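A.B. asks: Each chain, written out:
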Amino acid sequence: MNAPAYNFAYLDEQTKRMIRRAILKAIAIPGYQVPFASREMPMPYGWGTGGVQVTAAILGPQDVLKVIDQGSDDTTNAISIRKFFAKTAGVATTTATEEATVIQTRHRIPETALHANQVLVYQVPIPEPLRFLEPRETETRRMHALAEYGLMHVKLYEDIARFGHIATAYAYPVKVNARYVMDPSPTPKFDNPKMDHSPALQLFGAGREKRIYAIPPYTKVVSLDFEDHPFEPYRFNAPCALCAAENSYLDEIVTDDKGGRMFVCSDTDYCEGRQAAGHHGSLSAAPYKEKAGSHG
Amino acid sequence: MTTIAELPPGFVDKVLSAQSTFRSVMDAMARPGSVQRIVPMAGAPATMMRGTAAIALTLFDHDTPLWLDARMSESSDVTKWLKFHTGAPVVQDSSIASFALISDGATLPSLERFALGTNEYPDRSTTVILQVDGLDTGRSFELRGPGIDGVTMLQASIRPFDLFERLRMNETLFPRGIDLVLVADDAVVAIPRTTRVESKES
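Keeping their order, the protein sequence lines are chains A and B. FYI, in the working numbering the residues of the first sequence are 1 to 296. FYI, in the working numbering the residues of the second sequence are 1 to 202.
Do not rely on the hints blindly, as some may be mistaken.
[Claimed, not checked] Ranges of calculated distance between the beta carbons of each label pair, as one might list FRET restraints:
hint	chain 1	residue 1	chain 2	residue 2	range
1	B	185	A	158	56 to 64 Å
2	B	149	A	37	33 to 41 Å
3	A	234	B	16	52 to 60 Å
The set of hints was computed from the structure by calculation and includes no laboratory data. None of the values given here were measured: they were computed from a predicted structure. For glycine and all other residues, C-beta sits at the position ideal for the given N, C-alpha and C.
Using the sequences provided together with the hints, build the complete structure.
C.D. replies: See below:
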């Protein structure tokens, strides 16, 4: 076999040093986007190249890696990244949140509370929260330098003027350590409160936009709002159809062409864990019923 | 004269040793005041502690200008070792240094002389690596800030005696500032610019 011999975790050592230095500065300046020399990865932009580079720079042989995409361990993106690191770094992988030491995520924070020995790595498409309000990088950089975030409040206010409430449902802007306004990546705003005072280190990588930023553990993360329109995490008001969870973030799944739909946990590990523990929703899959029948 | 063959060696396993060292430094930076251990060992020239040597091998390269204090810059063992193993350029002007290595805290220059970053690019600042006598004995300090759940204690024997008073400039400079890494043998403690340090001593 003539397979090319890649370095451990794919990236060369010079690249890892550069990324590692950026990560250290990102942790030292919570919420500030550190520019880094993002590399081409063997996957297209938009598939998590930023998160993959951050993971590759921190991953060691002792780590246990979990990768989720919209909460799911089983989508193409999650599986291919998990296999990528199983192959290039030989690390153990898992789908169980509590067993993982490094969790790479696209657009969700696991429902199971994270602990201090974990690092959460976010894949970020557009790291600049002000980008759609001000397209010029020179201007947004100055706005961050001056902590001039009035424009963002105007945007949220315009939501209220138009819809009567803040209509931003994902990538909801947060202020980190009372200084930098930061894009939490396109996580649903349901997840924003989990970022606040988290025992786990949170790292963000944007490959195409070439930025790395971080929230250290136990750091204040506040979702922007107004006194008379306080931040409210949104959740569809229904139990999960598979595990009956009342407090998890739900995905809407269309089940037929007659308007049928079901709501299930977006976090597959959380949902499977609850089902294994005996929780059943209104549409629990047949195998569980059969199992329950054969035992009873 | 030291020849290349006589230089203390670098890491036995470059890749995994650098990874392990980085995780210790990252954990130290993410949890200010916590004492992290650097496990992989490399040879280190005189005046350089093994923790410092491991950090140098992990983070320094041709992209990181270094500033050395007098005792280190006067030691040809140190400069040769750094040049051979990391290729990092040693600079005289501390205000353009990515990293500063301080072996003798008593000679630490005024912190304003290092790169503090700009308000637009606060990351373009010097990380000061200071070798200290001990990170388990000595005076007690109370630390607060991001990475710390409320308050944490640090015991450290450090010079200069007024180090943390000098570091107070980070409060008003933020987001500019100096990030500090303290090394005692294989122990590492980081004090990023967001950490507030108070002496608990009478």
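A.B. asks: All hints are to be evaluated individually against the structure, with a verdict given for each.
C.D. replies: Right, here's what the structure says about each hint:
1. 185/B to 158/A: 56 to 64 Å: For residue 158/A against residue 185/B, whose Cβ atoms are near 57 Å apart, the range 56 to 64 Å holds.
2. 149/B to 37/A: 33 to 41 Å: With Cβ atoms ~34 Å apart, the hint holds.
3. 234/A to 16/B: 52 to 60 Å: violated, 44 Å
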